[in-house]
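Participant: Each chain, letter by letter, is given below.
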Amino acid sequence: MTYSFELPLLVLLILTAGGAIVVKDLISAVIILGSYSFFLAIVWAWLGAVDVAFVEAVVGAGLATVFFLLTLFGAAPKDTLIRRTPPPIAAVIALPVLGLLLLYAADDLPAFGDLQAPASVHVSPYYLQNSLSDTQTPNVVTAVLMDYRALDTMMETAVIFTAGIACWLILRRRAS
Amino acid sequence: MVELIQVWLSRPNFIAFVILFLWGLYITVVHHNLVKKLIGLYLVQTSVIFFLVTTSAKSGATVPVLMSEAGSVNPEMYVNPLPHVLTLTAIVVQVATLGVSLALVSAIYRKFGSLHETEILNRLE
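If you read the sequences in order, they're chains A and B. With this note's numbering applied, the first sequence corresponds to residues 1 to 176, in that order. With this note's numbering applied, the second sequence corresponds to residues 1 to 125, in that order.
A few of these clues could be false.
[As the list claims (entries may be wrong)] With a Cα cut of at most 25 Å, we get these calculated DSS-like pairs of lysine-lysine:
1. B:37 - A:24
2. B:111 - A:24
3. B:111 - B:37
By construction, these hints were calculated from the structure, which means they are not laboratory data.
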């Protein structure tokens with residue numbers, strides 16, 4: 001009963017992911033990938049992660065799609081070669097084994113929504129109980145991101161700055 | 001076996017994570033088009049973030065925004081905020097690395113005139 005809303009979304013998620021890979025036209029694939037990101041944002045909002053859902057809708061669905069489209073406008077927008085070479089043996093053997101190991105390990109994970117899961121009882125109650133008196137911010141995610149872990153966020157902006165410089169260095173046209 | 005299937009059905013998010021992760025990884029390894037490889041890589045990244053966000057869920061809990069200013073907070077009323085914070089950073093860094101790899105792809109296209117891996121390798125020789 002809990003999953004009645006989420007299961008169709010998960011099916012849509014897998015269908016859009018498959019569509020983004022199967023479609024031959026690269027621009028269509030990128031647009032389908034954008035819809036995949038939006039479905040992911042809806043699932044996250046349903047799970048209670050509204051901040052992550054906002055960021056995924058803006059950065060994942062918006063900015064990533066724009067990056068893909070900018071690349072494709074300067075390049076060939078068709079996945080032209082129909083001829084498929086057989087996949088390497090290592091991938092065909094190793095990935096199903098990895099999948100079976102992951103599914104085998106599912107039993108040891110805490111059940112979905114478990115109140116006594118290790119992630120929920122160790123340090124996170126401290127932040128929920130004390131963040132309002134420490135930082136005067138009702139949104140706990142903002143309090144942790146911008147106050148307790150502000151140094152991490154600053155280094156994140158350094159990473160984005162480095163990525164911007166790298167893009168500029170790669171894409172500038174040299175005067176030869 | 002029936003027990004194992006029940007274990008899987010009680011964790012639908014984990015099953016979706018496994019499918020998306022393996023599919024993306026397979027495409028990243030096998031596909032010959034560079035943009036398709038990056039789409040596979042994007043699927044891998046988002047599926048891992050999806051798994052991390054799933055660990056933050058608590059049944060019957062609401063979004064981690066405190067409702068009343070006064071009194072002590074019951075942690076079981078709000079979902080775990082820490083995975084949200086970590087994945088916020090991860091999403092932004094993911095898109096930054098995606099931008100750099102797309103810049104590399106478009107520089108490769110400018111030089112070799114193709115996005116296909118084997119054609120590029122042929123022109124390198």
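Participant: If a hint holds in the structure, say so; if it does not, say that too.
Facilitator: Status of each hint after checking the structure:
1. B:37 - A:24: holds, 13 Å
2. B:111 - A:24: Holds. Residue 111 (chain B) to residue 24 (chain A) sits at ~23 Å (cutoff 25 Å).
3. B:111 - B:37: With Cα atoms ~19 Å apart, residue 111 (chain B) and residue 37 (chain B) stay inside 25 Å; holds.
Violated hints: none; the structure is consistent with every hint.
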